[in-house]
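Take these sequences, add in the hints, and give me the full structure.
The numbering used here applies: residue 1 is where the sequence shown begins, and numbers increase by one.
The hints are simulated quantities; they were obtained by calculation from the structure and are not laboratory data.
If you're wondering where the values come from, they're calculated on a predicted model, not measured in any experiment.
Where a beta carbon is used, it is the ideal one built from N, C-alpha and C, also for glycine.
Errors might be hidden in some of the hints.
Per label pair, the in silico range of CB-to-CB distance [to be verified]:
#, residue 1, residue 2, range
1, ALA545, GLN2, 36 to 42 Å
2, ARG544, ARG34, 38 to 44 Å
3, GLY824, MET434, 45 to 51 Å
4, HIS84, ASP241, 45 to 51 Å
5, GLY695, ALA545, 36 to 42 Å
6, GLN2, GLU128, 21 to 27 Å
7, CYS238, ASN847, 52 to 58 Å
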Amino acid sequence: MQEVERLLGSAAAGRGGALQLCGAPGSGRSTLLREAAARAEGWTVHALPGHAAERSLPLAALHRLLPVSAGETLLDQLRTASEHRPVLLLLDDAHLLDAPSARAVAHAARRVGTDRIAFLAAGPPGLELFPARHLGPLPDEECRALLSVHAPDLTGDVAVTLIELSGGNPAALTDLARSLSPEQRRGYAPLPDTLPPDSPLRHRLHAELAGLPAVTRDLLRLAACDPPPPLPVLLAHCRLDDLAPAEQAGLITVDDDRVSFGSPIARAVAYREMVAAARRTAHLALAESSAAHGRGLDALLHRAAATGGEDPALAAALTRAAAPATPSQATEAFRYAAQLTPDPLARDAALLDAARAAWLAGRPHRATQLLRSAEQSATQHEFTTRREARPPAVRSAETRLRARGLAAEMRPEDPASREILMDVAAEIGDADPMTALDALSLAGEATCFAGERDRYVTLAHRIVAGRRGTESPATAMAYHHVAGLAELAVGREDLAFGRFRRELALAGDVAEPMPLIRASTAGILVGDARSAVSAAGRAAVLARAGGAHSLVPRALELVALAEMASGDYDAATTAALDGAAIARSTGQSALTGTHLGLLAVLAALVGDRDDGQERIRAATGTEQARPLCEWALALLDLVDGRPLPAAVRLHTIAAGPPGRGSVLLRVAVVPHLLEAAGPEPALNPVAAAFDDWAGRTGQDGWLALRDRCRALRTRDGEAAEEHFHAALRRVGEGGFPRAHTELLYGRLLRRRRRHVAAREHLRRAAETFRLLGAEPWAAQSARELRAAGERSGPEMITAAPVRGDRDAVLTAQQQRIATLVAEGATNREVAQELHLSPRTVDHHLRNVFARLGVRSRTEMAHLLAAG
Numbered sequence: 001m002q003e004v005e006r007l008l009g010s011a012a013a014g015r016g017g018a019l020q021l022c023g024a025p026g027s028g029r030s031t032l033l034r035e036a037a038a039r040a041e042g043w044t045v046h047a048l049p050g051h052a053a054e055r056s057l058p059l060a061a062l063h064r065l066l067p068v069s070a071g072e073t074l075l076d077q078l079r080t081a082s083e084h085r086p087v088l089l090l091l092d093d094a095h096l097l098d099a100p101s102a103r104a105v106a107h108a109a110r111r112v113g114t115d116r117i118a119f120l121a122a123g124p125p126g127l128e129l130f131p132a133r134h135l136g137p138l139p140d141e142e143c144r145a146l147l148s149v150h151a152p153d154l155t156g157d158v159a160v161t162l163i164e165l166s167g168g169n170p171a172a173l174t175d176l177a178r179s180l181s182p183e184q185r186r187g188y189a190p191l192p193d194t195l196p197p198d199s200p201l202r203h204r205l206h207a208e209l210a211g212l213p214a215v216t217r218d219l220l221r222l223a224a225c226d227p228p229p230p231l232p233v234l235l236a237h238c239r240l241d242d243l244a245p246a247e248q249a250g251l252i253t254v255d256d257d258r259v260s261f262g263s264p265i266a267r268a269v270a271y272r273e274m275v276a277a278a279r280r281t282a283h284l285a286l287a288e289s290s291a292a293h294g295r296g297l298d299a300l301l302h303r304a305a306a307t308g309g310e311d312p313a314l315a316a317a318l319t320r321a322a323a324p325a326t327p328s329q330a331t332e333a334f335r336y337a338a339q340l341t342p343d344p345l346a347r348d349a350a351l352l353d354a355a356r357a358a359w360l361a362g363r364p365h366r367a368t369q370l371l372r373s374a375e376q377s378a379t380q381h382e383f384t385t386r387r388e389a390r391p392p393a394v395r396s397a398e399t400r401l402r403a404r405g406l407a408a409e410m411r412p413e414d415p416a417s418r419e420i421l422m423d424v425a426a427e428i429g430d431a432d433p434m435t436a437l438d439a440l441s442l443a444g445e446a447t448c449f450a451g452e453r454d455r456y457v458t459l460a461h462r463i464v465a466g467r468r469g470t471e472s473p474a475t476a477m478a479y480h481h482v483a484g485l486a487e488l489a490v491g492r493e494d495l496a497f498g499r500f501r502r503e504l505a506l507a508g509d510v511a512e513p514m515p516l517i518r519a520s521t522a523g524i525l526v527g528d529a530r531s532a533v534s535a536a537g538r539a540a541v542l543a544r545a546g547g548a549h550s551l552v553p554r555a556l557e558l559v560a561l562a563e564m565a566s567g568d569y570d571a572a573t574t575a576a577l578d579g580a581a582i583a584r585s586t587g588q589s590a591l592t593g594t595h596l597g598l599l600a601v602l603a604a605l606v607g608d609r610d611d612g613q614e615r616i617r618a619a620t621g622t623e624q625a626r627p628l629c630e631w632a633l634a635l636l637d638l639v640d641g642r643p644l645p646a647a648v649r650l651h652t653i654a655a656g657p658p659g660r661g662s663v664l665l666r667v668a669v670v671p672h673l674l675e676a677a678g679p680e681p682a683l684n685p686v687a688a689a690f691d692d693w694a695g696r697t698g699q700d701g702w703l704a705l706r707d708r709c710r711a712l713r714t715r716d717g718e719a720a721e722e723h724f725h726a727a728l729r730r731v732g733e734g735g736f737p738r739a740h741t742e743l744l745y746g747r748l749l750r751r752r753r754r755h756v757a758a759r760e761h762l763r764r765a766a767e768t769f770r771l772l773g774a775e776p777w778a779a780q781s782a783r784e785l786r787a788a789g790e791r792s793g794p795e796m797i798t799a800a801p802v803r804g805d806r807d808a809v810l811t812a813q814q815q816r817i818a819t820l821v822a823e824g825a826t827n828r829e830v831a832q833e834l835h836l837s838p839r840t841v842d843h844h845l846r847n848v849f850a851r852l853g854v855r856s857r858t859e860m861a862h863l864l865a866a867g
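Here is the structure:
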C-alpha cells in the first residue's frame, strides 16, 4: 500500500505516474484498487475493468470510459478533468482489456508529467502495462494475523497447514478459515484440501480455468495431479505452446523443469474441478509417462491414486520405495500403502511410518491426523482379535504405544512426553532396542528430575547392557549417548564425559541428521563447542537436503548455543534467526520460542536493549524460553549497572527447576552470576560445580572463564590479578568474552590505583566492543578509561566511515537487515522477518548507513551488489 500512497501523493502534487499491481487471483490486487479509490477523496475516479467477453473487440474498453479512439485524445480529456481535481484511473483485470485499449492507456500513461493524473492497474504477473509491483504471498506473521481475525481459536499446527495450503494467498486464507468447523479449528478433524464450494475465490478460479482453451485445461489438470509432474513428463502429453494461455492468465509459471501454479490453492482447485473418472485417467497417464522417464516412485504414487481397492503388491512396492525417499514423498507412499494393504498390522505400521515422515517434512497437523488413524485402527484390530489370537492383539497394543511415543517425540519439551517416551522404552526395549534408544535420548532431560532419575537410569542400563559391539556407528553413538546421560544423572561426570567423547569420535562416520543432533548435544555437554557446531551444522545441511524440515531448527538451536559458547555471537545470531523462521513455518511453537529466547540473550550480551526486549516480548508465553528471557534481562541489568537484580535473576536460573537445556544454562550463567554477586559465600557450591565442569572440559575458552570466575570470587586483590592474568593467557578465549575479561580486569586495576596498566586493558576492551557493535559495553569501557586518567576519550577509537566502504564490518543482524532492504523489503517487512519493531529496524538501518558510508537505500543496494 505504501507504493500506492506514494503514487497518489505524487499525482496530487502535480507529478503524475502509473503503477501496476501484479499477483495471482486472491492476492489482494483488487482490494488495493478499492482501497486506493477510498483514499482518493476529492478526486475524479474512473474504473475501467477488463472483461473476457470484450477482449476480442477493438477499443471496447476505451469506449466504455470515454468516446475517444486515440491515446492523445484520452490524455487530453484526462488533463482537462485534472484541472479541477486530481484524476485516478483504475484498471482491474487489466490483462483482459482489448489490445488497442491497453495500448492507448499505456501511451497516455507514458506521457503524464506535471499532470495530476494517476494510473493504477491490477492483473497477473505477466502483465506488461506500467511499472510493476509484484504482490507475493503474505509473510507468515501477516497470515497468522489474518487467520486470528476469522478463526481466533485455531491451534498452531492447523494455522501452519492452512498457510501452507493457501500459499499465503489472503483470499484463500479467509475463505478456508471461515469454512472450518470447531473440530477442524482445534485439530480434531481432517482439514479441507481445497476451497469450500461457496468460496468467491474458487468461483473466480473456476471462471479463469473455464476461459482457457480445452487443450490447456486438460494440461492443467495433469499438472495439478500429485505428485506434480516435471516438465519433461508433462511434455509427453502436450506442446509447450499449449500452456501459454494459462501462463498469460497468471495461473501458472513455466520454467526449465516444471510447471508451477500461482498458489497451492489454485492447483488444488484445478485438481478438484475434475470428476473422479477424469482424475483416474490423468493419474494413469502420468504413471505411464513417469515410468518412461525413470521416475519410479512418482509412477507408483500415480498408480496408487488411480487404484480404488486393495492391491497388496502395489502396497509392498510403495513401502520399499518410501525408504530412500524424502519425508514428503514418503508420507504419501506410506499413506497409500496403508490404504492398499489388506493386512491390518501392515496398515497400522504404514500409518505410523507415514506420520513420522509427515512430522519430519514439517507437517505437524498431517502427522497428528495419521497418528490418530493408526491408534484407531490398532484399537479396532485389538478388539476384533483379542479372543482369536493373542499375538496380533499384543502387536496392536504396541502400535498404540508407538503412536503415543511418536506424538511425544513431536513434543519433547512437554514433561508428560518424557514419561511416555520412557514407557515406550520400557515396553519395547528388548524387541526394538533402537527405538528404545531414540526414546531415551529424547527423554534425556528426565535425568534432571529426582522422581524420574532412578527409572531413567535403570532403563538406560538395561538397554545398554544389550549392546553387542557390532552395531553401525549411528547405533553405537545412540548407546554412548544414553549411557552418558545415565552416568550424568547419578553424578559420575567423568564416566559421562568419556561416553560423550566416544560418541563425538564416531560423528564423522555418519550422515544422518538425528545421530548428529545428539552428538552436538554431547559436544555442548562436554564443552567442546567446535565439535558441537560441526555436528549440528552437518545435521542441518543433511536435514535440509533430505526434506526433514522439522529437524532443521533443532540442529540450528544447537549451532546457536555452541557458537554463543565459543564467543561467535554473529554466527549464533544467524543460526537463531534461521531457526526461528523455520520452527515457526513447521509449527514448532516451543522451539520458535527457544530461538527467540536465544536471540534475546545474544542481543543482551552486546548490550542491545531494544532488540533484547523485543525478542523477550516475542518469546513471551513460551515456557521453554522463560529461563533464556530471564538471563537476557539479567544481562541488561548488568549493562545498566544494576548488579543486584541481575544476581537475583541469575540465581533463580542456576537454582531453579530443571527444564529444556537446563544443564547448559546452569553452566553458562555462572560467570555472569559471579560478576553480579561478587565474592558471595552462598554461591560457593555453584562456583565449585562450575570450576569442576570447566576443568573437565579441557577447553581453553571454558578454562579462561573459570580463571575469570576465580578472580571475581576472591577478595584478595593480588590473587584476583593472578587469575585475570591466567585467563588472558588462554589462547582459546577471544572476541566478546575476552573483551569482557579485559574490562573486568581493567576495572579491578583502576580500583587498585594501577591506572597505567588499567588503561591498557580498558583500551583493548573498548576497541573490541566497538568493532563488535557492543556500544553500551564500549561506553562502560570508555567511562572506566576516563576514570583511569585517559584524556582523549572514546573518540580516539572511533574511525569516520569511508564513503561507499563495502568492506566495512557489519554484525550478523545488520548484514541481514541490509540484505533484505537491498532486495526491496520495507522496514515493516524486515521487522516481521526478524521479530523486531519497524522503529528498531529504522535505528539499525541508520547504523548500517553510517558503517557503510552511504546515505540511502539505493546507494546501499548498489554497494552491496558491487561487492
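Here is how each hint holds up against the structure:
Take ALA545 and GLN2: their Cβ atoms lie about 38 Å apart, and the range 36 to 42 Å holds. At about 41 Å, the CB distance of ARG544 to ARG34 agrees with the hint of 38 to 44 Å. About 49 Å separates the C-beta atoms of GLY824 and MET434, a value consistent with the hinted range of 45 to 51 Å. A hinted range of 45 to 51 Å for the beta carbons of HIS84 and ASP241 is consistent with their spacing of about 49 Å.
Taken as a hint, the range 36 to 42 Å holds for the pair GLY695 and ALA545, whose Cβ atoms sit roughly 39 Å apart. For GLN2 and GLU128, the Cβ-Cβ distance of about 23 Å falls inside the hinted range of 21 to 27 Å, so the restraint holds. The hinted range of 52 to 58 Å is satisfied by CYS238 and ASN847, whose Cβ atoms lie roughly 54 Å apart.
Hint check: no violations occur; every hint is consistent with the structure.
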